[in-house]
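These protein sequences, in sequence, are chains A and B. Everything in the first sequence is counted per the numbering used here, starting at 1 for the first residue and increasing by one. Everything in the second sequence is counted per the numbering used here, starting at 1 for the first residue and increasing by one.
FYI, nobody ran anything at the bench for these hints, they're computed from the structure. Since this is a predicted model, take the numbers as computed values, not measurements. There could be a bad hint or two in this list.
Claimed, not checked - With a straight-line cut-off of 30 Å between C-alpha atoms, the simulated DSBU-like cross-links for lysine-lysine are: (1) B:Lys499 / B:Lys311; (2) A:Lys146 / B:Lys381; (3) A:Lys146 / B:Lys385.
To be verified - Incomplete in silico selection of chain A near chain B, CB under 10 Å: (4) Asn12; (5) Glu16; (6) Gly17; (7) Val20; (8) Ile45; (9) Leu46; (10) Glu60; (11) Gly64; (12) Ala65; (13) Cys83; (14) His140; (15) Glu154; (16) Leu187.
Heads up, the beta-carbon is just placed ideally off N, CA and C, and yes, glycines get one too.
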Amino acid sequence: MNLTLRIWRQPNADAEGQMVTYQVADVSGDMSFLEMLDILNEDLILRGEEPVAFDHDCREGICGACGMVINGQAHGPERTTTCQLHMRHFSDGDVIDIEPWRAGAFPVVKDLVVDRSAFDRIIQAGGYITAPTGTAPDAHAVPVPKPDADSAFENATCIGCGACVAACPNGSAMLFTSAKINHLNVLPQGQPERESRVLNMITTMDEAGFGGCTNTGECAAACPKGIPLVSIAKMNREFLRATRKAGR
Amino acid sequence: MSNTVGSYTVGDDIVDTKAPSGPVEDRWDKRRFGAKLVNPANRRKHRVIVVGTGLAGGSAGATLAEQGYHVIQFCYQDSPRRAHSVAAQGGINAAKNYRNDGDSIYRLFYDTVKGGDFRSRESNVYRLAQVSVEIIDQCVAQGVPFAREYGGLLDNRSFGGVQVSRTFYARGQTGQQLLLGAYQALERQIDAGNIEMHPRTEMLDLIVVDGRARGIVARDLITGEISTYLADAVVLASGGYGNTFYLSTNAKGSNATAIWRAHKRGAHFANPCYTQIHPTCIPRSGEHQSKLTLMSESLRNDGRIWVPKKKGDTRPPDQIPEDERDYYLERVYPSYGNLVPRDVASRAAKNVCDEGRGVGPGGLGVYLDFADAIKRMGRDKVAEKYGNLFEMYERITAEDPYQVPMRIYPAIHYTMGGLWVDYDLQSTIPGMFVIGEANFSDHGANRLGASALMQGLADGYFVLPATINDYLARGGFDPVSPDDPVVTATVGEVQDRIKRLLAVDGDRTVDSFHRELGMLVWDECGMSRNAEGLRRALKRIPELREEFWQRVKVPGTGFELNQSLEKANRVADFLELAELMCLDALHREESCGGHFREESQTDDGEAKRDDERFGYVAAWEYTGVGEPPVLHKENLDFEYVHPTLRSYA
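All chains should be built: construct the whole structure from the sequences, respecting the hints.
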């Protein structure tokens, strides 16, 4: 199929960006969206133009690196990562708009590449269990009820891609942050730092410039790993619990 | 000599001087006790560089920082959480014997030595099995959500053809969950100020002063700035070199630059021809393909593998009657059937495709058929067991594996070769340690399922943090000035190389070279090799390299985010490494592990190992691009697990 792409081009963080139109020909339905961009880039290089910069790595839907807004939707029309979106979901002659994640806390680095380091700072604020190496008790010493383990796992599947932030009209990181808090707070190992974790992570999230949550639900709809909206409600409850316990 | 294809010289034998003698089960304790310690108050004075943030690098960085060292860490991704360990699916082995099925440290040790086809070290493998037990404890304490049973205890499964259930798993995302555990520990130490983390920064060279590793040269991938980082020791945890083949299951950015440039500064490269071929990968769909995706090996438990009996049979699978199908694994290996080890299954698939009986586009695929399983267990049961894999397959191929058989083909998955290290995980350059997939030490010629995650974490959490002290405690670290002539010379070489790449301005893209190299190495140095093909590759690779430096086109400048330049830098290294891989494969005139040397086979076409002539590690010393390297042999002794022929008939 032949496609018209309108892609956000921005040479660097300080430059002004604009949508630029490109044509790609002979796109096969078996190509992933990123392979289609590879073809465009090969073509641009040979024509002496700058290829489009985009983040990608594992191309199996698990590293969370790739991310772009396709026709207004984070990761495009299918609920998956961009690397696992295949061109068979498009038709010959389509015009496709491709933009970077848009959020105040994710500044554009170049073209479709954004800076998501704010996510790492949120984790630094408490998204871990303090467990020094080499001193752990036997793994069977602390049983974890299966429903708790399953719930922890569901939340732990977050790949940190940032689609939730990009999809949210407020640019909120509540879904990301809640996933980590719910992963760790439900486990017995996570109890000692349960309160400080949620307080510190939410404070850091706010400081990073992410917006608040207004229950729009776009985040959960865009999440390629299916982290549910209820995750945010659970985090809010943890937050309330911790605030009261801290006597705030 | 230098213009003779496949030439090398033989140097002195190499010996691992750090492995203690005595009973294998006491060696690690002995070494740990014998190693010098660094006083906790003195640790902060030592700076240690860690390159890579996967399971090995992430766990090492977190542990060293926790011990009090000042860690300077690097990854090329935008966040340490994206290192390629994240993609491992299956699980991690540990000799916990939680199932009471007769597992033990000794049995894990035995299985691993045998699985590696007697090309790994007994001391290292025993230690790996020993430490495996502690890894699970550590990960559980960190909150890694392993699968659990209703009683709240950990679940296990069997994996990779072993006869006990010792594999711990977190659905099909074990790698991700283990990596997040290490990443979170790392982020905690970053917050505490113990780690200076440099994401989107790539190591481009090693700084060796007075014979010791004292720092690295790195490029900030956003600004293009070249900087030097100086330290008392350097740890490489930069992963394997499977992307030499272009198409592999590795992440696109996985590269060999850190280890290759360290090799050029004096680190020996061991067993470069050892690459693991995984049998159950989704076949490529066309020229555009950028990478391969693995399907879990567990599918072979219930799927039946077949191809049409007739060559060039293009009928859809449901129109090929039973008696015109060849269930070749069941036919040739009746007792193991579809569950033969990875190397045997891979080679058999290649053979039937080479005969012209492959299926799907290009004829490079075999059927993995679940029709019988669906008939036997019912669709729901199959969906329960393999549902997520079936979905993944359908997403990629647009075929429903409940209706039509899956198509699979072998692919490059993991590299067992890597930089040579001693028992302390130190390379031949003092002060440079190499851990995880980047080193060569534990897997031999083949790697069993669920053992890569184990090795990465063993090295990072437990082994390196214990052995590096010994090096640091011995001291003698005179400060290196940033203006030291060695430092400025190394930086100069890095800058010149980048300038050269940008100046070529030719007419071929980096990817076109990478694809051509990959195809060549796959054809001649893949799962089946012979001397003639390897000589062909050894003749062609230098030509291709020459052409690369004449015709490559890298747009943009060095002072910005330039992904073409990043790729060009890495492919330039693959073009050199591939030559060593082929040379190593040429000199090893035996079949072993997944490396089938056509000249060395039994009467019935099975791989024939030659312990008499090749029971050693091949450690190669660099002498110059295209120059004959020096081969150093490390003899392998087996005191406990005696080499036997592997047979699966």
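Requested in this report: If any of the earlier hints don't hold here, list their numbers in rising order.
Outcome: 1, 5, 6 and 7
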